[in-house]
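Taken in order, these protein sequences are the chains called A and B. Note that the numbering used here has the first sequence beginning at 1, numbered continuously upward. Note that the numbering used here has the second sequence beginning at 1001, numbered continuously upward.
Read the hints as simulated data drawn from the structure, not as lab findings. The beta carbon of each residue, even a glycine, is placed where N, CA and C say it ideally should be. There's no promise every hint is true.
Claimed, not checked - Which residues of chain B face chain A? A partial, calculated answer using Cβ under 8 Å: (1) 1190; (2) 1192; (3) 1238; (4) 1242; (5) 1310.
Stated by the list, open to error - According to the in silico footprint, chain A covers these stretches of chain B (three or more CB under 8 Å from chain A): (6) 1197-1204; (7) 1225-1234; (8) 1262-1268.
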Amino acid sequence: MIRFEDVSVTYDEAAAPTVAGIDLAVPEGELVLLVGPSGVGKSTLLGTVSGLVPHFTGGTLRGRVTVAGRDTRTHKPRELADVVGTVGQDPLSHFVTDTVEDELAYGMESLGLAPDVMRRRVEETLDLLGLADLRERPIATLSGGQQQRVAIGSVLTPHPEVLVLDEPTSALDPAAAEEVLAVLQRLVHDLGTTVLLAEHRLERVVQYADQVLLLPAPGASPLLGTPADIMAISPVYPPVVGLGRTAGWEPLPLTVRDARRRAGSLREHLRHRGGQAFRRAERVGTTPGAGHTSQRASRWPTWLSTRRAQRTPTEGTAAVTENLAVRRGRVEALHKVDLKVTPGETLALMGRNGAGKSTLLNTLVGVLEPTTGAVRISGRTPHRTTPRELIRHVGLVPQEPRDLLHADTVAAECASADHDAGAAPGTCRALVSELLPGIADEIHPRDLSEGQRLTLALAVVLTARPPLLLLDEPTRGLDYAAKARLVEHLQGLADAGHAIVLATHDVELAAELAHRVVILADGEVVADGPTADVVVSSPSFAPQVTKILAPQKWLTVAQVEAALVSDR
Amino acid sequence: MRTESGRESGRESTAARRRALLAPEANRSNALHPGAWWVWALGLGTAASRTTNPLLLGLLVGVAGYVVAARRSEAPWARSYGAFVKLGLFVLGIRLVFAVFLGSPIPGSHTLFTLPDVDLPEWAQGVRIGGRVTAETLVFALYDGLKLATLLICVGAANALANPARLLKSLPGALYEAGVAVVVALTFAPQLIADLRRLRAARRLRGRADRGVRGLLQVGLPVLEGALERSVALAAAMDARGYGRTAAVPPLVRHTTSVLTLGGLIGMCAGTYGLLAAEGAAFGLPVLLVGVGAALGGLWLGGRRSVRTRYRPDVWGVRAWLVSGSGIAVAALMIWFASTDPAALRPGVVPLVAPTLPLGPAACVLLGLLPAFVAPAPPSVSAPVPAPPPRKEAR
Chain A
1 MIRFEDVSVT
11 YDEAAAPTVA
21 GIDLAVPEGE
31 LVLLVGPSGV
41 GKSTLLGTVS
51 GLVPHFTGGT
61 LRGRVTVAGR
71 DTRTHKPREL
81 ADVVGTVGQD
91 PLSHFVTDTV
101 EDELAYGMES
111 LGLAPDVMRR
121 RVEETLDLLG
131 LADLRERPIA
141 TLSGGQQQRV
151 AIGSVLTPHP
161 EVLVLDEPTS
171 ALDPAAAEEV
181 LAVLQRLVHD
191 LGTTVLLAEH
201 RLERVVQYAD
211 QVLLLPAPGA
221 SPLLGTPADI
231 MAISPVYPPV
241 VGLGRTAGWE
251 PLPLTVRDAR
261 RRAGSLREHL
271 RHRGGQAFRR
281 AERVGTTPGA
291 GHTSQRASRW
301 PTWLSTRRAQ
311 RTPTEGTAAV
321 TENLAVRRGR
331 VEALHKVDLK
341 VTPGETLALM
351 GRNGAGKSTL
361 LNTLVGVLEP
371 TTGAVRISGR
381 TPHRTTPREL
391 IRHVGLVPQE
401 PRDLLHADTV
411 AAECASADHD
421 AGAAPGTCRA
431 LVSELLPGIA
441 DEIHPRDLSE
451 GQRLTLALAV
461 VLTARPPLLL
471 LDEPTRGLDY
481 AAKARLVEHL
491 QGLADAGHAI
501 VLATHDVELA
511 AELAHRVVIL
521 ADGEVVADGP
531 TADVVVSSPS
541 FAPQVTKILA
551 PQKWLTVAQV
561 EAALVSDR
Chain B
1001 MRTESGRESG
1011 RESTAARRRA
1021 LLAPEANRSN
1031 ALHPGAWWVW
1041 ALGLGTAASR
1051 TTNPLLLGLL
1061 VGVAGYVVAA
1071 RRSEAPWARS
1081 YGAFVKLGLF
1091 VLGIRLVFAV
1101 FLGSPIPGSH
1111 TLFTLPDVDL
1121 PEWAQGVRIG
1131 GRVTAETLVF
1141 ALYDGLKLAT
1151 LLICVGAANA
1161 LANPARLLKS
1171 LPGALYEAGV
1181 AVVVALTFAP
1191 QLIADLRRLR
1201 AARRLRGRAD
1211 RGVRGLLQVG
1221 LPVLEGALER
1231 SVALAAAMDA
1241 RGYGRTAAVP
1251 PLVRHTTSVL
1261 TLGGLIGMCA
1271 GTYGLLAAEG
1281 AAFGLPVLLV
1291 GVGAALGGLW
1301 LGGRRSVRTR
1311 YRPDVWGVRA
1321 WLVSGSGIAV
1331 AALMIWFAST
1341 DPAALRPGVV
1351 PLVAPTLPLG
1361 PAACVLLGLL
1371 PAFVAPAPPS
1381 VSAPVPAPPP
1391 RKEAR
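Chain B extracted, bound-state conformation (with noise of 0.2 Å):
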């Protein structure tokens, strides 16, 4: 409808055009899958693992970087992402060390400095401690420990990103205790060290020293007692919750289950024994992948005694699609490249060259950057605000 005021809100509807453009802010309904986050971070990961040229590792860190700063939450392992940063740092760090005291096989002509050699027993031989630092090791172990950092900041990146605990909860049935179990320790885990604490101040209640190991040790036992009740108290309040409940299976089908379990482990240690024992090699293979198929089978019958349902799973939508499908497209176009054109992603340290960015390589990195634009935005709370208490009337 057009009206005179047709400019005005024709301004207003691109400008509310292009906010509709702009990725929606994340609730439970829309959250990415967690699961799409670990593949794009292991897609930026196997880029990584596929070139030594620091051009593009750096290239990869400030994607992962970018993504993560503009999609992380307030949530506790959103703050991982520097702590995996720091431990890439670390293992450069040490590879450069290495590199420097025990030297490495890299031939080199560029003499830095020389370290005093240490003569090493007759045993010892092979291994080199000092002697001669070339250049060559040095941008050799620079790139190699680059890698590493570069694959570390990936996997802080997927941390940071995803939710753990939905992860866990995307676990497939047969594994739901697994991964009850673990979100268990979770919570149980920050409960411990607040305990610690708690202990640690009461000695100092009891006029003795609340520092030191001493005092560390003495706490312990009342802490894992501590945690021991808890754990009780959470076990009678899960079982009085429903945890653990079965459905009635048909005794048919619990019969099944039983001898496909059954027989499917037994074949797969029969299978296992034909392939490692000379005589039985032409049967061994196919007994093996029998017994594995029934041991699945047996799974997948048992999880019907599970009478569980999942509150509001994580969906893996269209933006999921989009965000691991970026992380795969970076990992299979580096793959590619790195078969076509081996020289730019590996740039040469003897005779030592300077890298230059391959422009292809770079542009299909930058594809890592998608999630920052399609997944969903992180509510933009700079502060938990606490509900205001209720206030009552005077009576």
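One chain only, chain A, in its complex shape (with noise of 0.2 Å):
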């Protein structure tokens, strides 16, 4: 369906091509799962498929691509509209018109479909994505799943024979990924659709993969197989296959439930190590990478442990919400909210998309005020106390961390966080280093990958010393090395004592990370206590690792590994 001959893609004023030497077919009704670490140039591959690389974004093609027999060189995008569907990262940015039903016939609108058969073909996808109690909804009014789904039914209706996807899932909470996952599943299986789809959360996605690609470095050779084959060396994988290849399963588990089958030899194994302890202080303590803790912490400058944060009059609250609620507009986004953040906890907030997660910390930064109740911030209100004072107290890492980002160099960035912090210069620049060794100074914020702008924001935030930091969303478009990265960060920050507040929907990282867990649902708290405790109980918010041991609560394959090792 869909075939690479000797492709390489080299882009203007670029030294190297950004993808070589691809020469593969992919077969007609097939999932093929894009992988690779970030910057490998999947984006551009997936592009050459529907054309936009090279004749949207400029560049060299050197081979050929051939969509169902015809040369994305000869054809522009708009002459492959009929058979190949392309749905990015932002769905937002996707869509021409407004309402639900007439996004869904404006490509067929673009082609020249006879009007009974758009109308037709319309009702069938509302059907078969679940929209049709959608279909007269404003777009902008929609949740993220749902904009998800009406952005993949605008590409179905003119009947694709290859659907390409970007990222479909990154923004998502997991029910709604699990929403356009069995969309995807579907067309594969019922309708014969080709699917090309790029994600970082293989957790996800592996499983409903036929085959997959991997890309293992830039301008790499690629690789293609079976989805055991290349988890086996793949450079990038999710926990399920982590812990198979910690235990040695042969072949690799892909699904929670083929380890599930495996493991009971492993949770034998594991039982007589009794409860595990989940601190994770304690858990550290006993990983082989314990080792490294104290050099992490002594790789932070001393003045950020928070000495001072002992300072404040409130010792042992960072942050305390009483009987909060928050109103916008006719919504009750948070209601009757009772939180207390100590220092040195991390705290990860989950829920659904919409649950009030980024709502609350708007408000504990003062962004918004609050209708009822109280929030103090050591001491402070945050709406009634100054950007300038309040930044010393609390610092937020918003869900876009380019919205922090000003500057056209990353220097002039670190000046003016220094500035603004009130810091002696060069701490920020001193931070930037040490978190992201080998930045050069005169780089553009824009140019720097997702997972580097990401460290770059947290470093201007640190810069004002927030003895409370909050994260929105911190592992949007990062693959697993960057999550890895910011994961020490972070160990680092809360062993140094800062309380860390971070709302998430990658239940991985909470695994990993949180001491504790609260899970909103409209605006309430519906859980709240150890991470273990919360997420075992909780089948949409359990990690891989804690649905493959339970009923033990084991959380992420390192403590397994840990635990592995100690016994030999």
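Assembly of the complex is requested from the two constituent chains, each provided in isolation within its own frame, with the hints serving as guidance.
This is the structure we're talking about:
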């Protein structure tokens, strides 16, 4: 269906090709998952299929890509529109019209299909994607998962033979992601659509893939194979595979179900280890990496340790909310939220999109004003504190870290961060070098990778040394390596006495980092407790390792690994 | 079929029949053509422009308001009616203030109060500031302002009732690109405002003041940058979805299109020149007309290159005829009354007389209420109920 013949793409002004030596064929009706670390050219490869690379982005394409027999060199994206459907990462920038029904019809209108055909296909697609109740709704009022489904539906109506998706579930909560993936699976099974999909969150998608295409490094030639074969050698892999590798299972299990079947002896083996300790401090003590802990703590400048937090009057709490309620328009975004965060504690806020996680974080930094109830950050009321004063007590890294970055070079950004925080010149730059070695001063923040940008924003926020650090959805768009680095940074900060609150959909991240998990639903706290207790009992918030080894309470591969190592 | 419970079923069926007479609930397939709402509203506006009788104008405002109240949906544009009413009142207020301070050419004998006169220099002769304020001046300004306000309210009613996106979709094919641009702009504007808010909040996170003009200016560039990136992403998405696909057109047609368009433009230029220049008045008009005709023909032929079709276009049905017809009838009757009975429609200001409600014109204004009964009613949802999220069984 899709043929790559010795394809390489070189962007203008780039020294080396972004992708090279791609020579393979994707057969009809397969779901092919494209994996690899960030920056290896996954999006570029996807773009060559729809013809957007090079027709829209510029650059030079060598070799030949044919889709359903059409050469993308001679066919512009619009002339491929009837065979290739493309959905990008951000569904909002995909929509041309304002209501669901019109959006589904838009592609067909452009292709000039007959009105009765259009009508029939819209109805079919509404049913296929479960959108029938939303048909007249303005797209802007839909949730993230619904928008993503509309975006997929809008490219499905022309009945393309190939569907190309770039990180369709990155921004979604676990339940919404499953909605979208169920739809994709249905398309592959029932309609024989060929799907080419790039995704960082492998734990969500790898079990649906027929084949996996691995781009191991920038410019390296790709590997195509069955998911189990590729996962055995891939530098990026989901926890279920990690556990399989640790336990030496052969072939590797890709789903929780497969793994559970194999896990009998492992569970038996682990049982006599008794209850596992869950405070991360203890956990760190038992991991093989424990030796690094002291080094990591010492890698942080000494002033970052929160002795200053202990000087504040309300010692023992970094943030308190009492009976907090926030109304936005007629929506009660938060309702009776009582929360206490202590220094050195990492708290994960979870819950579906729109549950009030971001609202809570924004209230903690004073962007939103509580309707009733009180918020105290080290004894201060955030929305009545001047921003200059507040950033010394609480810092938020927003969902889109770029929002925080205004300057056009890293050096300028650091200088203005020092100025904003009233810190000694060079403070921020030292932090950046610490967290992100090898970043040049002159580089534009926009040219950094997703993970680097997040780290820069983190450094900017940390310049003011806030004892309370909030992160909104920090792992969106990060690959496993960037995530591991982030986890390491945050653990270091927590060890140094910072209180950290993360709003996240990423259950694996919560499992690795959080001491405590708070689950929000419809603006109310529905669960609050130690990570292991809360996530083990929840089907959608349990990490894969927990699901495999339940009813025992294990959270991460590292824990299991540590237990196995210490046994030997 | 009659049974012993015939009377009961009879009563039920009358109720059902009465209900069947009511306008149906609006959905996509019976939606009123947005153009019909505009014709109706402009009809009312035309009627308003023919009279200064405050009672008739009030009646027109009442009719427009009632129809809006009965038939507007929950959509965002439907809220614009309130803004138009406020704008109308504002215009009325301005008109009165001007009449008080600048005076008016209306002679009058009922002096209400006298403002101190401002002496203006020689070159400003003819402009008067301050001086005598008469009841006649004020009443005249009130009538005049009321007429403007009524016009604005009629336009506001059309705005609130007609879906702007669908109106743009009913544009002729040659104007399709312009329509898309407006729709995209309409969806981008709210996103731009959301960006602006988010970035101002982000300033607070950096420890800078998030209020004030300076803050607004500093986020301006990032907001524009974001908008630009989004437009590029949208352009890519539209390209990949087949925007701008063209059909294969035989060369003969293509050449004819070029000849017609170019020739038409040249003809229009020459014709205009002929009309304006002194010596060419004879050939000016025909050449201009031929040029316009040729250019239109070129546009029409050019439209054949586009392969677009339309999904569920709004149809101009019986209800659309009734709605637009009621507006046209109000306008036509009012114009007729204005010529036959000008005194009733323009109550005297000098001398001051109390306006009376002429029955004929009043009845014809009430015709404008027809849409409140024939236009499909918006679905009666009090609040949008989001679908419950799918629950998953515990595995």
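Hints and how they fare:
no., hint, in the structure
1, 1190, "7 Å, holds"
2, 1192, "12 Å, violated"
3, 1238, "6 Å, holds"
4, 1242, "3 Å, holds"
5, 1310, "6 Å, holds"
6, 1197-1204, "holds (count 6)"
7, 1225-1234, "holds (count 3)"
8, 1262-1268, "violated (count 0)"
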